[in-house]
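A.B. asks: The residues making up each chain are set out below.
Number of protein chains: 2
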Amino acid sequence: MNQIAPSPRSRVVRVGDRGHYDAATLHAILDAGYVCHVAFVHDGQPMVIPTAYWREADHLYIHGSTKSRMAMALATGIPASVAVTLLDGLVLARSAFHHSMNYRSVVAMGVFEKIPDEHKMAALEAFTERVAPGRWADIRAPNRQEMKGTMVLRMPLDEASAKIRSGPPKDDAEDMAIPAWAGVLPFTQGFAMPVPDPQLGAGVALPDYLRTLTSR
Amino acid sequence: MNQIAPSPRSRVVRVGDRGHYDAATLHAILDAGYVCHVAFVHDGQPMVIPTAYWREADHLYIHGSTKSRMAMALATGIPASVAVTLLDGLVLARSAFHHSMNYRSVVAMGVFEKIPDEHKMAALEAFTERVAPGRWADIRAPNRQEMKGTMVLRMPLDEASAKIRSGPPKDDAEDMAIPAWAGVLPFTQGFAMPVPDPQLGAGVALPDYLRTLTSR
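Protein chains in written order, with our numbering: chain A, 1 to 216; chain B, 1 to 216.
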């Protein structure tokens, strides 16, 4: 997947020049986020639910309890939509109308499929390693009971688009003399100093792979 | 609205003790975010779209171009759902299964209504002041043409729930001796130093109301 042809549904219509359909752009946005929002219809009502996700190749993965309403509903193959949004800044213009936000977002449409049991362990390892590379070797892997209670689902990223706004405000020429401060308030996200579990055993040090996360 | 009775649809089922239904909790989460995700059905396909929002009293407000597909669809009174999610940290447990995230989220269901034209200006002022208190006085208010092209919609928060996870990992007793680092990596969000518009007029200083935003 190098370039996804936009479908009538996935094409960015409003401010069309903010639309992107190449895999590199989509993947970079997806790989920078931790939480997606999944939309589906349940009993006639559109629902949107936040959940953790990860990407492998051209699929977006989520997981959940086998008893979760969302996992059960999605596993039946109903149509769904997923969005990942990264806020990059507030755009302050000289006119109210041109105030905006800088952001990177991906919206994908499609159908989730439950992955086979024999692939679940590898998928959960990939998820863990995606969030904290090196973590899997340190922790207890899921046991049979935990695996039985966990569903992993994935959606192909073949009907997806990215939308990006960046840069300074775009005021109308006739507003440029208005003496209001104009520019961008960058919105930053990252990790603060790790907070050890109060019950952490004496002598258990913070591993380098977590130290790296907090300094980037 | 002090307490919203959870409906069968809005009640938090999975890990039910994470569910909250009081207005103070819902409002605090909504007032801390900038981007919501709106779900609705368009041509039989559930869609999820990120957009800016604000809260006034017991309503969640969004705005958009009168030509946007989402604004046009929602204005017809179709059922919708909105989520606001704040990621607070990665929860690192001794077992893969108990890895989690700390977060605060609100999910609301309902129907948007287009607000009357005569209330639009006040709503847009409230939105601007919500994001940057003091800003409205400095900028050019929307003109007739801009107002005509802008739709403001609102949804009552009467079928909504919050879900919150906080605190350290909860490992099983038999895993406590595993020598893996356990705890929370706090996820932080905020504003970095403002970036002036390259075309900012000489002598236009950063106003205090924006300085305050970047230091909190």
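Worth double-checking, as some hints may not be accurate.
Note that identical chains are pooled: a pair holds if it fits in a single copy or bridges any two copies.
To be verified - Mimicking BS3-like on lysine-lysine, the simulated pairs with C-alpha atoms at most 25 Å apart in a straight line are:
1. Lys-67 to Lys-170
2. Lys-67 to Lys-148
3. Lys-148 to Lys-120
4. Lys-170 to Lys-148
5. Lys-114 to Lys-170
I should point out that these hints are in silico values taken from the structure, not numbers from a laboratory.
A quick note: this is a predicted structure, and the numbers were derived from the prediction, not measured.
A.B. asks: Which holds for Lys-148 with Lys-120 at a C-alpha limit of 25 Å: within a copy, between copies, both or neither?
C.D. replies: This pair counts as within: shortest intra-copy Cα distance 10 Å, inter-copy 52 Å.
A.B. asks: Between Lys-170 and Lys-148, at a C-alpha cutoff of 25 Å, which is it: within one copy, between copies, both, or neither?
C.D. replies: between (53 Å within a copy, 20 Å between copies)
A.B. asks: Checking an output row: Lys-114 and Lys-170, CA cutoff 25 Å. Within, between, both or neither?
C.D. replies: Neither: 45 Å inside a copy, 27 Å across copies.
A.B. asks: At most 25 Å between C-alpha atoms: does Lys-67 with Lys-148 qualify within a copy, between copies, both, or neither?
C.D. replies: within (11 Å within a copy, 47 Å between copies)
A.B. asks: At 25 Å max between alpha carbons, let me know whether Lys-67 reaches Lys-170 within a copy, between copies, both or neither.
C.D. replies: between (49 Å within a copy, 20 Å between copies)
Going down the numbered hints, you'll see the structure goes against just number 5.
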